[in-house]
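Once you know that position 91 of the sequence shown is 136 in the numbering used here, the rest is easy, because the numbers rise by one and skip nothing.
Keep in mind that the hints were calculated from the coordinates and are not lab data.
Incorrect hints may appear among the rest.
[Unchecked claim] Capping the alpha-carbon separation at 25 Å, the derived lysine-lysine pairs in DSS-like fashion look like this:
#, residue 1, residue 2
1, Lys283, Lys155
2, Lys283, Lys216
3, Lys219, Lys61
4, Lys111, Lys80
5, Lys134, Lys80
6, Lys80, Lys65
7, Lys90, Lys76
8, Lys270, Lys65
9, Lys111, Lys76
10, Lys134, Lys61
11, Lys155, Lys273
12, Lys107, Lys76
13, Lys274, Lys155
14, Lys134, Lys90
15, Lys61, Lys76
16, Lys61, Lys216
17, Lys250, Lys65
18, Lys270, Lys283
19, Lys219, Lys65
20, Lys111, Lys155
21, Lys273, Lys171
22, Lys107, Lys80
23, Lys65, Lys76
24, Lys80, Lys90
25, Lys155, Lys270
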Amino acid sequence: MQDQIRDFIHFLTVEKGLAKNTLVSYTRDLKSYQKYLQQIEQITKWDTVSRGQIVQFLGHLKQQGKSSRTLARHIASIRSFHQFLLREKVTDQDPSVHIESPQPERSLPKVMSMEEVEALLEVPDKNDVYGARDKAMLELLYATGMRVSELIGLDVSDVHSTMGFVRCVGKGNKERIIPIGRTALSAIEHYLGASRQTLMNRKNKTEALFLNHHGNRLTRQGFWKILKKLANEARIEKELTPHTLRHSFATHLLMNGADLRSVQEMLGHADISTTQIYTHVTNVRLKDVYKKFHPRA
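With these hints in hand, go ahead and build the complete structure from the sequences.
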């Protein structure tokens, strides 16, 4: 059974060109699915899986306290996998047909206030090698709304200073061009001129824009540690994640009058309904401001 999962992931990698993080999610979901079928249902072949057993597996996940969003992701993984098995003639039926995905709860994304963003951006010391790098990363994230995976995937050649934009590759290997403001460009140019050469590993030269202390491309985990440290120094009490600056970028643009379509394009959302969640955030913030400052609220 493991061989078919491996073949499916290879198919998604080569034929579909899915992002690494998406492939990791598919692999994790299908391995837990396989483990349940083998250990609980005593299944040894994919062509003997029934619809009822898939429903039982989803019930098992629900008992573990998994959210409806997680359940929906598992269903998507299982459905795609069984369709693949059918196409490859490993099975002659698709037991996942007509299994409906639960509607995920759309929790509002956590955003920082403009004052909190300013406080965070002021923490890195640009005269320090690592501080210059951290300043450039934070300014670029807030200026563009890029995902962290897109940020650490950048090469030096992706930043076009004279034209004022950055080229990044997002989900599904889709390329997009995002404008950058003067403040972020200045921080990047300072980092390139003052710090990157110092961080560069002479034996292992890389085109990566942001480097760690070994001179290699910075990882998501590395960025996460840096963000937590800087947030503590900025005395920001709310929980920050690597996605918080992306959420704040979108929300602050809309609060200041940007149109939804432009924000959608900059974020790289395929569907505008994904971007619309930020209009709910701005409405909530407006209500809070009204209640706080209107004398008759």
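Hints and how they fare:
no. : hint             : result
1   : Lys283 to Lys155 : 9 Å, holds
2   : Lys283 to Lys216 : 28 Å, violated
3   : Lys219 to Lys61  : 12 Å, holds
4   : Lys111 to Lys80  : 17 Å, holds
5   : Lys134 to Lys80  : 22 Å, holds
6   : Lys80 to Lys65   : 22 Å, holds
7   : Lys90 to Lys76   : 14 Å, holds
8   : Lys270 to Lys65  : 21 Å, holds
9   : Lys111 to Lys76  : 16 Å, holds
10  : Lys134 to Lys61  : 19 Å, holds
11  : Lys155 to Lys273 : 15 Å, holds
12  : Lys107 to Lys76  : 17 Å, holds
13  : Lys274 to Lys155 : 19 Å, holds
14  : Lys134 to Lys90  : 13 Å, holds
15  : Lys61 to Lys76   : 20 Å, holds
16  : Lys61 to Lys216  : 11 Å, holds
17  : Lys250 to Lys65  : 23 Å, holds
18  : Lys270 to Lys283 : 16 Å, holds
19  : Lys219 to Lys65  : 13 Å, holds
20  : Lys111 to Lys155 : 21 Å, holds
21  : Lys273 to Lys171 : 18 Å, holds
22  : Lys107 to Lys80  : 16 Å, holds
23  : Lys65 to Lys76   : 16 Å, holds
24  : Lys80 to Lys90   : 12 Å, holds
25  : Lys155 to Lys270 : 19 Å, holds
Violated hints amount to a single one, hint 2; each of the other numbered hints is respected by the structure.
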